[in-house]
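Asks: Those protein sequences? They're chains A and B, same order as listed. Numbering of the first sequence is given in UniProt numbering, commencing with residue 1 and proceeding in unit increments. Numbering of the second sequence is given in UniProt numbering, commencing with residue 1 and proceeding in unit increments.
Keep in mind the hints are simulated off the structure, nothing from the lab. Hints may contain errors.
Claimed, not checked - Distance condition first, Cα-Cα at most 16 Å in a straight line; then the derived EDC-like pairs of lysine to aspartate or glutamate:
1. B:Lys-313 - A:Asp-229
2. A:Lys-99 - A:Glu-137
3. B:Lys-124 - B:Glu-454
4. B:Lys-289 - B:Asp-426
5. A:Lys-196 - B:Asp-426
6. A:Lys-138 - A:Glu-74
7. A:Lys-255 - A:Glu-183
8. B:Lys-156 - B:Glu-275
9. A:Lys-263 - A:Glu-183
10. A:Lys-68 - B:Asp-426
11. B:Lys-267 - B:Glu-250
12. B:Lys-312 - A:Glu-51
13. A:Lys-196 - B:Asp-481
14. B:Lys-395 - B:Asp-415
15. B:Lys-487 - B:Asp-474
16. B:Lys-313 - A:Asp-228
17. B:Lys-352 - B:Asp-26
18. A:Lys-163 - B:Glu-454
19. B:Lys-214 - B:Glu-183
20. A:Lys-88 - A:Glu-51
21. B:Lys-464 - B:Asp-384
22. A:Lys-255 - A:Glu-273
23. A:Lys-263 - B:Glu-342
24. A:Lys-146 - A:Glu-78
25. B:Lys-312 - A:Glu-95
26. B:Lys-211 - B:Glu-183
27. A:Lys-263 - B:Asp-339
28. B:Lys-312 - A:Asp-228
29. B:Lys-204 - B:Asp-227
30. B:Lys-471 - B:Asp-384
31. A:Lys-64 - A:Glu-74
32. B:Lys-313 - A:Glu-273
33. B:Lys-464 - A:Asp-229
34. B:Lys-313 - A:Glu-239
35. B:Lys-312 - A:Asp-234
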Amino acid sequence: MFIKSFKQLNKKSVSEAGGKGASLGEMTNARIPVPPGFVVLASSFEQFLKETDLDVEIESILKKVNHKDINSVERASEKIRALIAGAKMPRDIAEKIKKHFKLLKSRFVAVRSSATAEDSSTDAWAGQLETYLNTTEKDLLKNVQKCWSSLFTPRAIFYRFEKKLHKKFVSVAVVVQTMVQSEVSGICFTVHPVTKDYNQMVIEAGFGLGEAIVSGSVTPDTYIVHKDDFSILDINVSEQSMMIVKSGNKNLHKKLSPRAGGKQKLTGKQIVEFAKIAKNIEKHYKHPQDIEWAYVKGKFYITQSRPITTL
Amino acid sequence: MIKPHSIKNLIMETNMNLFSWTMIEDGFLFSPSVKRFVGDYFSNTVMHVSQDEGQWGVDIKLWNRLGQKIQDRLTKGKLDAHGNLEEHIYHGQIVFKLAHQVIDQDLRRWNDKKYLSWLKQVFKHYVELNGLGCLAVVSDYDHNFFSNRLAGILEKYSTPKNPTQKYLAILISPDQPDLNWAELLRLLEIIKQYKTLNKIVVSKKFKAHAKKYKWLNFGYQGPLWTDEDFIQRVRKILKNEKTAQEQLNEHRNYFRNLEKEQRRIEKDLGLSDHEIYMFDQARTLMFTKAYRLNVRHVIQYALETVFLQLAKKHAVPVYFFRYALRNEILDFVSGKKIDTVEILRRRHRVLKIVSNRKIKFIPANKIDATLGRILEKAIEIKQDYIEGQSAFPGKARGRAKLVFGIPDLQKVTHDDILVAVTTTPDVLPAMGRARGFVTDSGGITSHAAIVAREMKKPCVIGTKFATKLFKDGDMIEVDADKGIVRKV
Chain A
1 MFIKSFKQLN KKSVSEAGGK GASLGEMTNA RIPVPPGFVV LASSFEQFLK ETDLDVEIES
61 ILKKVNHKDI NSVERASEKI RALIAGAKMP RDIAEKIKKH FKLLKSRFVA VRSSATAEDS
121 STDAWAGQLE TYLNTTEKDL LKNVQKCWSS LFTPRAIFYR FEKKLHKKFV SVAVVVQTMV
181 QSEVSGICFT VHPVTKDYNQ MVIEAGFGLG EAIVSGSVTP DTYIVHKDDF SILDINVSEQ
241 SMMIVKSGNK NLHKKLSPRA GGKQKLTGKQ IVEFAKIAKN IEKHYKHPQD IEWAYVKGKF
301 YITQSRPITT L
Chain B
1 MIKPHSIKNL IMETNMNLFS WTMIEDGFLF SPSVKRFVGD YFSNTVMHVS QDEGQWGVDI
61 KLWNRLGQKI QDRLTKGKLD AHGNLEEHIY HGQIVFKLAH QVIDQDLRRW NDKKYLSWLK
121 QVFKHYVELN GLGCLAVVSD YDHNFFSNRL AGILEKYSTP KNPTQKYLAI LISPDQPDLN
181 WAELLRLLEI IKQYKTLNKI VVSKKFKAHA KKYKWLNFGY QGPLWTDEDF IQRVRKILKN
241 EKTAQEQLNE HRNYFRNLEK EQRRIEKDLG LSDHEIYMFD QARTLMFTKA YRLNVRHVIQ
301 YALETVFLQL AKKHAVPVYF FRYALRNEIL DFVSGKKIDT VEILRRRHRV LKIVSNRKIK
361 FIPANKIDAT LGRILEKAIE IKQDYIEGQS AFPGKARGRA KLVFGIPDLQ KVTHDDILVA
421 VTTTPDVLPA MGRARGFVTD SGGITSHAAI VAREMKKPCV IGTKFATKLF KDGDMIEVDA
481 DKGIVRKV
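All chains, full assembly: derive it from the sequences and hints.
Replies: Structure (structure tokens):
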């Protein structure tokens, strides 16, 4: 069993599907509107390491790392990543990935790593692992392998040592999900993360794909909504200077004029509509959530939801 | 055009908003009944509001000339404070009636059309009322023409044995009750009836009382008096060495005694009929001011009630209405397209200029320059701070260290504040050392914000210009409780 569709997963699937994968499975089954997809399970990665004998090699490289020396971390990372990228994916795994991809009937997918130690309540690996958007069939396998190797970027290695995870076996699953070409996208904290007010949720929204917001390279609109009666407490409209849009299979940075970028990204009615979805997600998980969302053709999609770890 | 350095009178006020202040200014500028005696005397004004704090100014020469004119006309009997008060009361009664159509009423059945017609009526009478108040306000503000005149009258009768200035306060005390007086009287009666604190606060009468008068101190945007506020007042009254009955008697007899005292002073000093008339005008203006406050508080509370309903209905924050002008509110409720984003932005900072009765908003990046040009003296508007959003609360001081890339990381020591356009995981080691973070872009879910919460360090994000305003080595303070970063 190397692959499971979202429907076959739930929140207990973290060890095989990673935090992200498990969460997408859980949401799909809870009828939360997530874009469809499947997970290349951690067992695939492990099988891959075994068949290629890379597991032994990687371990010996990591042993020699002095994590206080950035050069040593970088050298180790380079070596390991080259090894993973250069190895050939076992044929049965490759076939299965391709078969599931076809079932999605989507030209573009997002390929994301989903570390099995990620998203647990204690370690928020915010932005630590990699994402490949707009992946087509041609690059699919290559990007899955890149996601595997993202477990060994310098900052991931550094993070492992910082969090004393370097001796634990950390595996990685890969999420393959239909791309949502969002007109507006953003993030939502179902509890105000600054004031820690449990009666308020914070929604951030920006034009285009969500990557610009997640990475912090644009300042999004901020909306604050009261969770009891869904009254809007604050609307802070930013002037978005650029947005990420898809062109072919590439993401382009598109400049926005102050007039275009200074528009309110979601209308009041849309804000309220989304707030209701977000509250339901929180209710389902019985814990404050950090949600990534997208809006396209009149519909909201949830691209990720995980517990807020810093409350 | 407003003449350079012509604006002096800066009235400053906290806990107010653009809407409420504009209602007052509109009264001065636009209400028909005021044009009669105001003419064009203050067609030039400036209103600067930021985060519910405001400064209002007017062309000082014109203002003083108007003050002089009002004083002359009052003296000559061409303007009459009693007539002015009567007009106040006419509009005031309508406003009270309108207010009570919404306060503690079930508004679920109200549709936009109904709100619209209510708002139109309120705006009409409230603006009239504010305009009428111009007489009381301008007669004496800043230049003190009127009170100087009254003091001058008393001066004539002053002897070393009997310095008469002490009578001024008594002679101009209003000789009729306002709502604050009435409220206290009723509270004293309740206290007298139920005697002990425990019995008072559970009584139906007390609860009804606290509900009826909760708006009496509402100001422009609240807060309301709570039950606790009323309980505190009861405690205070009970602590007084005089019994509730004694206090009640005193309070009841206040106006009778005051009147006796005023007549006695007039007689003792031998004031002329015209001088007596002048003090009577002054008293009436003083009462008018008190009455205006009562009306303003009730209608501001009623408006706030309606704004809350409309905000919910139309999915906007309630402060949208607090920063809109009345015609914008009417357009919005009647479904016309208006620039809501521009109105929402005003809460951060807005400069409204009226020149020859035409309203103009100054764009944010020109506010400081415009103020510098038209104010008599530059007030502290020089920008040495920057505002953003707080990502993790707390305060930290240190030297600014600008980080644009990995080579900058080594600059950052344990005493520094990290300033960056935005942060990435690569910057983590430097963030571990810094006392706090400031970024130009990003929201509360940006990398810097997440790390700040994880590391529990003060962080202000989305400041737009921090990397331009601060230089390496500047001593700065991150006040993430307020979302401000300033040079120190």
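Asks: Taken at face value, is the distance from the CA of Asp-229 of chain A to the CA of Lys-464 of chain B at most 16 Å?
Replies: Between Lys-464 of chain B and Asp-229 of chain A the Cα gap is close to 33 Å, so the pair fails against 16 Å, i.e. violated.
Asks: Given the hint that Lys-313 of chain B pairs with Asp-229 of chain A, test it: the Cα-Cα distance must not exceed 16 Å.
Replies: Measuring from Cα to Cα gives roughly 11 Å; hence the hint holds.
Asks: Are the Cα positions of Lys-263 of chain A and Glu-183 of chain A separated by 16 Å at most?
Replies: holds, 13 Å
Asks: Are the Cα atoms of Lys-204 of chain B and Asp-227 of chain B separated by 16 Å or less?
Replies: With a Cα-Cα distance of about 13 Å, the restraint between Lys-204 of chain B and Asp-227 of chain B holds, given a limit of 16 Å.
Asks: Need the status of pair Lys-312 of chain B, Glu-95 of chain A: alpha-carbon distance at most 16 Å?
Replies: With Cα atoms ~54 Å apart, Lys-312 of chain B and Glu-95 of chain A exceed 16 Å; violated.
Asks: Within a Cα-Cα threshold of 16 Å, do Lys-196 of chain A and Asp-481 of chain B meet the stated pairing?
Replies: Holds, at about 13 Å.
Asks: Do the alpha carbons of Lys-267 of chain B and Glu-250 of chain B lie within 16 Å of each other, as the hint requires?
Replies: The hint is violated at about 24 Å.
Asks: Against the 16 Å threshold, does the CA-CA distance of Lys-312 of chain B and Asp-234 of chain A hold or violate the hint?
Replies: holds, 12 Å
Asks: Straight-line Cα separation of Lys-255 of chain A and Glu-273 of chain A no greater than 16 Å?
Replies: violated, 29 Å
Asks: Holds or violated: Lys-214 of chain B with Glu-183 of chain B, Cα cutoff 16 Å?
Replies: At roughly 10 Å apart (the allowed maximum being 16 Å), Glu-183 of chain B and Lys-214 of chain B satisfy the hint.
Asks: CA of Lys-196 of chain A to CA of Asp-426 of chain B, is that 16 Å or under?
Replies: At roughly 28 Å apart (the allowed maximum being 16 Å), Asp-426 of chain B and Lys-196 of chain A break the hint.
Asks: Between Lys-289 of chain B and Asp-426 of chain B, is the straight-line Cα distance small enough, at 16 Å or below?
Replies: violated, 63 Å
Of the numbered hints listed earlier, those contradicted by the structure are 3, 4, 5, 6, 11, 12, 22, 25, 33, 34.
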